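Heads up: the sequence lines are chains A and B, in that order. For my numbering, add 611 to where a residue sits in the first sequence, where the first one is 1. For my numbering, add 2 to where a residue sits in the second sequence, where the first one is 1.
Quick caveat, the hints were computed from the structure, so don't treat them as lab data. Each hint can be trusted.
Subject to a maximum C-alpha distance of 27 Å in a straight line, what follows is the list of computed DSS-like cross-link-like pairs (lysine-lysine): (1) Lys668(A) / Lys628(A); (2) Lys72(B) / Lys58(B); (3) Lys668(A) / Lys44(B); (4) Lys626(A) / Lys44(B); (5) Lys44(B) / Lys622(A); (6) Lys4(B) / Lys668(A).
Here the structure is a predicted model, which is why all the values come from computation and not from measurement.
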Amino acid sequence: GAGVSQSPSNKVTEKGKDVELRCDPISGHTALYWYRQSLGQGLEFLIYFQGNSAPDKSGLPSDRFSAERTGGSVSTLTIQRTQQEDSAVYLCASTDSGGNNSPLHFGNGTRLTVT
Amino acid sequence: QKEVEQDPGPLSVPEGAIVSLNCTYSNSAFQYFMWYRQYSRKGPELLMYTYSSGNKEDGRFTAQVDKSSKYISLFIRDSQPSDSATYLCATGQTGANNLFFGTGTRLTVIP
Chain A
612 GAGVSQSPSN
622 KVTEKGKDVE
632 LRCDPISGHT
642 ALYWYRQSLG
652 QGLEFLIYFQ
662 GNSAPDKSGL
672 PSDRFSAERT
682 GGSVSTLTIQ
692 RTQQEDSAVY
702 LCASTDSGGN
712 NSPLHFGNGT
722 RLTVT
Chain B
3 QKEVEQDPGP
13 LSVPEGAIVS
23 LNCTYSNSAF
33 QYFMWYRQYS
43 RKGPELLMYT
53 YSSGNKEDGR
63 FTAQVDKSSK
73 YISLFIRDSQ
83 PSDSATYLCA
93 TGQTGANNLF
103 FGTGTRLTVI
113 P
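Construct all of the structure, not just a fragment, from the sequences and the given hints.
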């Protein structure tokens, strides 16, 4: 079956512009995560959605970052007024039950470059 | 102190060698331990998952957890060029939403 799909795969934007990154999780997976991967920094947790519960936004680095998940499926991560330090690979993952005892299935990420 | 520390390498070995990849973690409450493999320009994929101290073997791969020293290892036997990738350790605790990842170790297996 289809895995986690992310789009676009690459995005180059000018500093100050807004960007939207999309994640289409595996069908039936109730939990969805966004992580950020920067060179030498490992994966940084951003936000977690589980079913209809309020999302865990504790990892969002600033109020320029927001995410939503419509209909319990597709998620969009929005970065407003992008800065150069936002340049990274943004990874989405889904799992069938949530909590860290369930393996995460990652997409291939969106590589964001802010010039 | 970071939750998980991992030597970034890079590590380069000849084909057939035994590879040892290691991480340390800081929180004794962490109970789940995972190893992910990430090929260039791809997302991480789960390689090994363990819950307790001790060893878990899967083919050429062995994951080892020592909770007393907060040390986790991944051993690769008879390494192959196709094993060339970045290996990420990850850990977390029951009831928490977040997994903590190491920075990844970049491995190259030379034919």
